[in-house]
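Novice: Residue numbers (this note's numbering), protein chains in the order written: chain U, 16 to 312; chain L, 30 to 281.
It cannot be assumed that every hint is accurate.
[Stated by the list, open to error] Straight-line C-alpha distance at most 27 Å; calculated DSS-like pairs for lysine-lysine:
{"no.": "1", "chain 1": "U", "residue 1": "K143", "chain 2": "L", "residue 2": "K48"}
{"no.": "2", "chain 1": "U", "residue 1": "K275", "chain 2": "U", "residue 2": "K194"}
{"no.": "3", "chain 1": "U", "residue 1": "K226", "chain 2": "L", "residue 2": "K280"}
{"no.": "4", "chain 1": "L", "residue 1": "K280", "chain 2": "U", "residue 2": "K32"}
{"no.": "5", "chain 1": "U", "residue 1": "K155", "chain 2": "L", "residue 2": "K48"}
{"no.": "6", "chain 1": "U", "residue 1": "K275", "chain 2": "U", "residue 2": "K257"}
{"no.": "7", "chain 1": "L", "residue 1": "K48", "chain 2": "U", "residue 2": "K69"}
{"no.": "8", "chain 1": "L", "residue 1": "K278", "chain 2": "U", "residue 2": "K149"}
{"no.": "9", "chain 1": "L", "residue 1": "K191", "chain 2": "U", "residue 2": "K123"}
{"no.": "10", "chain 1": "U", "residue 1": "K277", "chain 2": "U", "residue 2": "K267"}
{"no.": "11", "chain 1": "U", "residue 1": "K84", "chain 2": "L", "residue 2": "K278"}
{"no.": "12", "chain 1": "L", "residue 1": "K225", "chain 2": "U", "residue 2": "K80"}
{"no.": "13", "chain 1": "U", "residue 1": "K32", "chain 2": "L", "residue 2": "K274"}
{"no.": "14", "chain 1": "L", "residue 1": "K112", "chain 2": "U", "residue 2": "K69"}
{"no.": "15", "chain 1": "U", "residue 1": "K131", "chain 2": "L", "residue 2": "K48"}
{"no.": "16", "chain 1": "L", "residue 1": "K48", "chain 2": "U", "residue 2": "K80"}
{"no.": "17", "chain 1": "U", "residue 1": "K155", "chain 2": "L", "residue 2": "K280"}
{"no.": "18", "chain 1": "U", "residue 1": "K83", "chain 2": "L", "residue 2": "K48"}
{"no.": "19", "chain 1": "U", "residue 1": "K83", "chain 2": "U", "residue 2": "K142"}
{"no.": "20", "chain 1": "U", "residue 1": "K155", "chain 2": "U", "residue 2": "K194"}
{"no.": "21", "chain 1": "U", "residue 1": "K84", "chain 2": "L", "residue 2": "K274"}
[Stated by the list, open to error] Just a few of them, taken from the derived set where beta-carbon distance is under 8 Å, the chain U residues facing chain L:
{"no.": "22", "residue": "N101"}
{"no.": "23", "residue": "D103"}
{"no.": "24", "residue": "L106"}
{"no.": "25", "residue": "Q115"}
{"no.": "26", "residue": "G120"}
{"no.": "27", "residue": "I121"}
{"no.": "28", "residue": "F147"}
{"no.": "29", "residue": "L150"}
{"no.": "30", "residue": "G152"}
{"no.": "31", "residue": "G153"}
{"no.": "32", "residue": "G274"}
{"no.": "33", "residue": "V281"}
For the record, the hints were derived by calculation from the structure and aren't laboratory data.
C-beta: ideal position from N, C-alpha, C; glycine also.
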Amino acid sequence: MKALSIKNLHKSYPGIKAVDGVSFDIEEGDFFGFLGPNGAGKTTTINCVIGLAKFSDGRIEIFGKDNKKDFIDARKLVGIAPQEYNFDPYLNIEDVLIYQAGYYGISKKKILPRVKELLKQFDLDGKKEVDFRKLSGGMKRRLTLARALVHSPKLLILDEPTAGVDVGLRLDIHKYLKKINGEGVTILLTSHYIDEIEKLCNKTCIINNGKIIANDLTKNLVDDLDTGHTEILTDKKSKVKKIENVEFNGNKIIVWNKGKDKMKEVFDYLSEQKIKVLDVKSVKDSLQDIFLRLTKK
Amino acid sequence: MNWVGLWSLIMRENVRTIKVINQVIWPPIISSLLYIFIFGFSLGKNFEIGDVSYLVFLVPGLIMMNVIMSSFEESSSSLFLGKFINYIQELLIAPMSHWEIALGFLFGSILRAFVIANLIFIVFLFFIDSGIYSVWMYVYFILFVSVIFASIGLIIALWAEKFDHLAVLNTFFITPLLFFGGVFHSIKLLPEIFQKISLINPLFYMIDGFRYSMIGVSDGNVFVSMAVVFVLALVTFSFAVYLFKIGYKLKV
Numbered sequence: 016m017k018a019l020s021i022k023n024l025h026k027s028y029p030g031i032k033a034v035d036g037v038s039f040d041i042e043e044g045d046f047f048g049f050l051g052p053n054g055a056g057k058t059t060t061i062n063c064v065i066g067l068a069k070f071s072d073g074r075i076e077i078f079g080k081d082n083k084k085d086f087i088d089a090r091k092l093v094g095i096a097p098q099e100y101n102f103d104p105y106l107n108i109e110d111v112l113i114y115q116a117g118y119y120g121i122s123k124k125k126i127l128p129r130v131k132e133l134l135k136q137f138d139l140d141g142k143k144e145v146d147f148r149k150l151s152g153g154m155k156r157r158l159t160l161a162r163a164l165v166h167s168p169k170l171l172i173l174d175e176p177t178a179g180v181d182v183g184l185r186l187d188i189h190k191y192l193k194k195i196n197g198e199g200v201t202i203l204l205t206s207h208y209i210d211e212i213e214k215l216c217n218k219t220c221i222i223n224n225g226k227i228i229a230n231d232l233t234k235n236l237v238d239d240l241d242t243g244h245t246e247i248l249t250d251k252k253s254k255v256k257k258i259e260n261v262e263f264n265g266n267k268i269i270v271w272n273k274g275k276d277k278m279k280e281v282f283d284y285l286s287e288q289k290i291k292v293l294d295v296k297s298v299k300d301s302l303q304d305i306f307l308r309l310t311k312k
Numbered sequence: 030m031n032w033v034g035l036w037s038l039i040m041r042e043n044v045r046t047i048k049v050i051n052q053v054i055w056p057p058i059i060s061s062l063l064y065i066f067i068f069g070f071s072l073g074k075n076f077e078i079g080d081v082s083y084l085v086f087l088v089p090g091l092i093m094m095n096v097i098m099s100s101f102e103e104s105s106s107s108l109f110l111g112k113f114i115n116y117i118q119e120l121l122i123a124p125m126s127h128w129e130i131a132l133g134f135l136f137g138s139i140l141r142a143f144v145i146a147n148l149i150f151i152v153f154l155f156f157i158d159s160g161i162y163s164v165w166m167y168v169y170f171i172l173f174v175s176v177i178f179a180s181i182g183l184i185i186a187l188w189a190e191k192f193d194h195l196a197v198l199n200t201f202f203i204t205p206l207l208f209f210g211g212v213f214h215s216i217k218l219l220p221e222i223f224q225k226i227s228l229i230n231p232l233f234y235m236i237d238g239f240r241y242s243m244i245g246v247s248d249g250n251v252f253v254s255m256a257v258v259f260v261l262a263l264v265t266f267s268f269a270v271y272l273f274k275i276g277y278k279l280k281v
């Protein structure tokens, strides 16, 4: 089943087309990375999904429920951890979670065990009566996650969940997200740490200038769009020969991954010239290289 | 209907009121006492309006003035602060309908208005020998007047882009209309032309009707006042809900 289905989404602000025909699906159980440079349309797309932005055209379904017509049912299934802290200043930490559950229709009596569990999970149980303004940055980030999870959503949307946290906490958050994803929670993750997406997400979608420019399994994305190459170092300069996807640069020859099948031809050519191969090195693209290349086009 | 959600929002509004009790509950009581001492015990000591002493005449006006002020301030400041520091998003993404959100803010204001009205009334009982002429009318006027001004507070908070905007309505409309609406005087004491002008002031009907509910004396027909208040409550609340529905200045 599709956890999230976005079809032909359009959203404009005066003078700006923020989202221009965006379509993608997230299957139930996916850990879905949503990448794009600043201003690409990520937050606008997410805001359309959660109901904070009005969209002029398109359709969004959350577990089959239209987020406009059936917005009450659709929203029950979603938890969101925004990048900016937006806590109620009149509530302590425990109450932040209790009231949040209340807004989702769950009474205090029913939610208290879950609140205790989350406070413990995120190491906030010693601070439950504290005002959120007195928390450290890392604690605020953990509280944001706990609030997003308190009503046990089936789809969790995380906007930069590890922004501004130290490495230890980042790894703890990764571990926890992997765990709940394994338990069946579908996750949509945006992050500026591309290694985070590469490590956590089975699927990745890249948006730029309001349009989806890549959407595939993260592994496929890295493989298919790979402009990695093999560097061959020789003992002397080789004469240039025209071979597709092969570059001769003096005593360094670059065979782009798309021209891997030309490798034998290259070695035969070097052998004909009696040139010795000193070293062969494979250079692989990371998701970050691919992201930068795609979004700079 | 998300009853738990609605209840949570009402309780959240009450938590807010309790946390700022020195700012919202005690000031209207203190200021009403000061009005009583200045206007009731000194300037109006030997003055009667109709068959009632000026002090007894003054009390309903002061209570209604504080009902109007507090219901407006509660909803406007709570919603505007929510917009200002973005915690309104907690509600906007929750499975709550537009009118459940509007009702939540509204009940918070109504409750505050009732608490303040009754506290002021209890304090006044130490100074005047008076009861409530019609309890159901007393409840009716506090309820519907607080609905009107809580709704107006929501509308203004949605429109406002800075705290300064919240003061505009209070300073330029509510306060002048309150003073011309008969908080401190009977419009029968005014020249005829001003009596007629007073009749187009909606706050006159709120104050005059409420005065009738407390002391059984009014300048106009209490049933006209009740009708005006009911219609205004319906119109203002519907408009506030409509603005929530279209996400006016809430959703981009």
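Novice: All the hints need checking, so say for each whether the structure fits it.
Specialist: Okay, the hints, checked on the actual structure:
1. U/K143 / L/K48: holds (18 Å)
2. U/K275 / U/K194: violated (39 Å)
3. U/K226 / L/K280: holds (22 Å)
4. L/K280 / U/K32: Holds: L/K280 and U/K32 sit about 17 Å apart, inside 27 Å.
5. U/K155 / L/K48: holds (22 Å)
6. U/K275 / U/K257: holds (15 Å)
7. L/K48 / U/K69: violated (34 Å)
8. L/K278 / U/K149: Violated: L/K278 and U/K149 sit about 30 Å apart, past 27 Å.
9. L/K191 / U/K123: violated (34 Å)
10. U/K277 / U/K267: Answer holds: U/K277 to U/K267 is near 16 Å, not above 27 Å.
11. U/K84 / L/K278: Answer holds: U/K84 to L/K278 is near 21 Å, not above 27 Å.
12. L/K225 / U/K80: This hinted pair is violated, its Cα atoms lying about 57 Å apart.
13. U/K32 / L/K274: Status holds; Cα separation ~24 Å.
14. L/K112 / U/K69: holds (17 Å)
15. U/K131 / L/K48: holds (24 Å)
16. L/K48 / U/K80: violated (39 Å)
17. U/K155 / L/K280: Holds, because 25 Å separates the two Cα atoms, which is no more than 27 Å.
18. U/K83 / L/K48: violated (36 Å)
19. U/K83 / U/K142: violated (38 Å)
20. U/K155 / U/K194: holds (21 Å)
21. U/K84 / L/K274: OK: U/K84 and L/K274 at ~13 Å, within 27 Å.
22. N101: Status holds, d = 4 Å.
23. D103: U/D103 check passes; min Cβ-Cβ to chain L is 5 Å, inside 8 Å.
24. L106: holds (7 Å)
25. Q115: holds (6 Å)
26. G120: holds (5 Å)
27. I121: Holds, about 7 Å.
28. F147: violated (10 Å)
29. L150: violated (15 Å)
30. G152: Violated, because the Cβ-Cβ distance from U/G152 to chain L comes to roughly 17 Å (cut-off 8 Å).
31. G153: Violated, about 21 Å.
32. G274: Violated, about 48 Å.
33. V281: violated (55 Å)
Of the hints listed earlier, those the structure fails to meet are numbers 2, 7, 8, 9, 12, 16, 18, 19, 28, 29, 30, 31, 32, 33, in rising order.
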